[in-house]
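Colleague: With the hints as your guide, set chain B onto chain A.
So the protein lines, in turn, are chains A and B. Per this note's numbering, residue 1 is the first one in the first sequence, and the count goes up by one each step. Per this note's numbering, residue 1 is the first one in the second sequence, and the count goes up by one each step.
Don't read these hints as lab results, they were simulated from the structure. We treat Cβ as the ideally placed atom computed from N, Cα and C, and that holds for glycine.
Computed footprint of chain B on chain A; a stretch qualifies when at least three of its residues, placed anywhere within it, have a C-beta under 8 Å from a C-beta of chain B:
1. 108–121
2. 160–170
3. 174–180
4. 183–195
5. 283–293
A few chain B residues facing chain A, derived, Cβ under 7 Å:
6. T215
7. L242
8. E255
Below 27 Å or equal to it, Euclidean Cα-Cα: the simulated DSS-like pairs (lysine-lysine) are:
9. A:K74 x B:K193
10. B:K139 x B:K162
11. B:K102 x B:K148
12. B:K119 x B:K102
13. A:K74 x B:K162
14. B:K199 x B:K216
15. B:K139 x B:K193
16. B:K139 x A:K74
17. A:K74 x B:K108
18. B:K367 x B:K348
19. A:K74 x B:K148
20. B:K199 x A:K74
21. B:K129 x A:K74
22. B:K119 x B:K129
23. B:K73 x A:K74
24. B:K73 x B:K193
25. B:K193 x A:K86
26. B:K148 x B:K129
27. B:K119 x B:K162
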Amino acid sequence: MIVPKRRQCYNFARGCTSQFTVMTSYIIRRLLAALVVIILVTLVAFFVMRLLPGDPLQLYMSGTIDLNAMEPEKVAALRHEFGLDKPIWEQYFSWVFNIFRGDFGTSLYYRTPVSGIMAQRYPVTIYIGFLALIISTVIGLSVGLVAAIKRGKWADTLFTALAYLGQAVPVFWLGILMIYLFNLQLHWLPTSGFTWPTQDLGDSTRKLIMPVLCLSVTTLSATARQMRSSMLEVIRQDYIRTAWSKGLRERDIVFRHALKNSLIPVVTLIGTFIPWIFGGSVFIETIFAIPGVGRLLVDSIVGKDYVVVQSVTFVIALIVIFTNLIVDISYRWIDPRIKY
Amino acid sequence: MKKLFLFTFMSLLAVVLVLGGCTQTPATTSVAPKPTATTPAVGQPVSGGTLLMAGSQTPKNIGWQPTMALIDKTLIFTTIAERLMNMNTKGELVPELATEVKTDPAAKTITWTLRKGVKFHDGADFNAKAAAFNFQQMKDAGVLQGGKTIANIETPDDYTLKFTVTEFSYQNVMAFSFNVFMLSPTLIQSAGKDGAITKVAGTGPFKLEAFDPATKVAVVKNPGYWRTGMPYLDGITQLVNLDSAVLSAQIQSNEIQFLTSGDLVMQKNLLAKGFRQIVYTPNQTYTFMVPSSADSTSPLSNPLVRQAIEYATDRDAICNGLLQGTSQAAYQMSYPGATGYDANRGRKYDVAKAKQLMQQAGYSLDKPINITIYGSNSKPSVDRRTAIADYLKAIGIIAKVEGLPFASYSTMQAEGWKNGYMDCVENSGAVWAVGYCNWLGPKPTLSPVPSLGRSADYDAIANKVLTASDAATFNSLVTQMIQKNFDDAMTFPLWAQGNTYMAPSFVHTDKAEGTSRTFDWAQVWMEKK
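Bound conformation, chain A alone:
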């Protein structure tokens, strides 16, 4: 049946509008759900610290050598300064209101705005996280591809074994092992520290090799396994068999026809790694003394700086929620077959 062009345009426009409406309603639903999650996160982040036994101010003040000599009126003034003399619900709403104004409060320990501290630490975490993501993606895809193409051969066996190992090995243990090997025994790399590449590229590279490799091992292994699995599935398809029968070169078959389709689940997987970047790797940053968000969280928990703990927890949760939303929405562009 021949459909008139006008009808074709009309149908296309209606289809687009329909898709747009569906997409919009999907996004709105997800945003509403995200809002509920955010509220729950603020409640947990705020009240968990408050529900711990003891006065939060006491926790902070007990670290000062002259706490014993502090006069009660000074204690009261300090309590007022931190807003701890208000009812708990007032403190909560005040905190939430301030957060949405960009005021995360003042760190009890650092005595500086938390937003400033996070602004210093997040770039470090993001930089290392993205390096790890790039390395794990590039190597993971390559390894998975080779393993799938060379299925049954020694390369496949080796890469598969390494991928399993990579996912099983504890990251912190691997970090310490690498320090033992590359620093203590071989004296090739420094144990820890962080330098921006703009300050000293050589020093920065040397310091980042071990932490970035440790951070990328798990995601690299997962990417490699997923890539192998989806590639094996794709190359069994009829159209690939047809391409072989037509006599196309292996390179063309793999890279032009098979790879794109096999990337769909892999990209999905990589998308789930993005929130992990913003969360920071506590283990890696602790072992390698990297001044990122993960270590800030550990320092703050140990130092009982509840203002920083609740703020960082909130920001991480927020980033995870919104990156998941963006990744979910982006599936539609990756695979047009997906409908919401």
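Modeller: Okay, now just chain B, sitting in the frame of chain A:
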């Protein structure tokens, strides 16, 4: 076949990695570089070099004294700032920024004569006004020990600082002289409260070069330091790393030359590799337990039971075993060299004696009594108290060990506890007499420990401390208090522990440690490599 190969390969790889990770480093692995042939003989300090140190914490506040935490005032801060008086190993005040301190108990005045020619790192003069500023700042913030007794702070001339107090106490003289650091008012006033947290100008042998609380603190030599010829080092940089294994690797690969972590196992391993253990602050920490003896219904109100508990606990074994020999067992509320110590005094481990005392008190093994030992929930603290509880089983006491979160622990210490002991730690270490009075003096400032029963005789001696006019009288009264404490088995002394750090052999600290209660960074030097 392929599956078998895969399985075998993975198993072998796993075994290799586990063995590689678990194998102890042999003693012959890399240690700090040995001195070269051109190095001068050991004992002759040489100038030069930047010392890198690392530990699990860096200070978060380097310049606003009223809100400085304990950790902020140790290590690197002590290279920058100094006090009016220092303390020798006997606990006596010795000159530092003040050449002498005079007291007049009748007139209730304390007068310091300040050292001339000393400058702050920002070029401002150290004088009476600067000293007065620092005391006033602490007093206004309500954190100056004894600050409430200060009626007036005067500066009759540029190098005389005079306090008029409402009630004279030698304990406060010591606290004023030793507890307040002299920082430049010029910088504090220009930086303001928030700015001063990251900036500081003291009078010490080193001045601040860089401060990043997340990563490092760096100080460099103060060329105008008032002790000529010092410091020997060009600078000191304090780094931070939370992991003990990494810190150990850093010092072994010479990335750092001074390790400030107190991890006992790591220190023991490093000692075996030829590193030195440095006593940074002798007897910095004194651990003891306070019974709920004020409660007449508690078995601990009976002095015979308290004595029995002391006899039943082998403190030497705990110090040598659990504490790896880093602590010295205490059998009285003092330690060798400190005020009130008597080498002939002590209830050493004797289970038979303990059982006898329990029988005299009317208790027997057939009817065990129950108590609780309260303390913090940190693993080392719980382990120590568990060891004590084990010893007490032998004399019919079932002691439950309760680990409390920090805030609850502090609150319970201040508000009281029932039928048990409270684990207490005196951290000042500098002057034992002052430290003792913080807890058990006439007006305890650290914690009132209200559950402790105190006899009228004891309080009679303690109250005299309030009017002690000089060091000799003060120390004499504290000695009497310590003796009475022992006679009444008032508290349960456990052990004294200094802060010990590690360094390779080419870092010389022999003149820096052991001469005073504080570590003298100006006298640290490194051999040229």
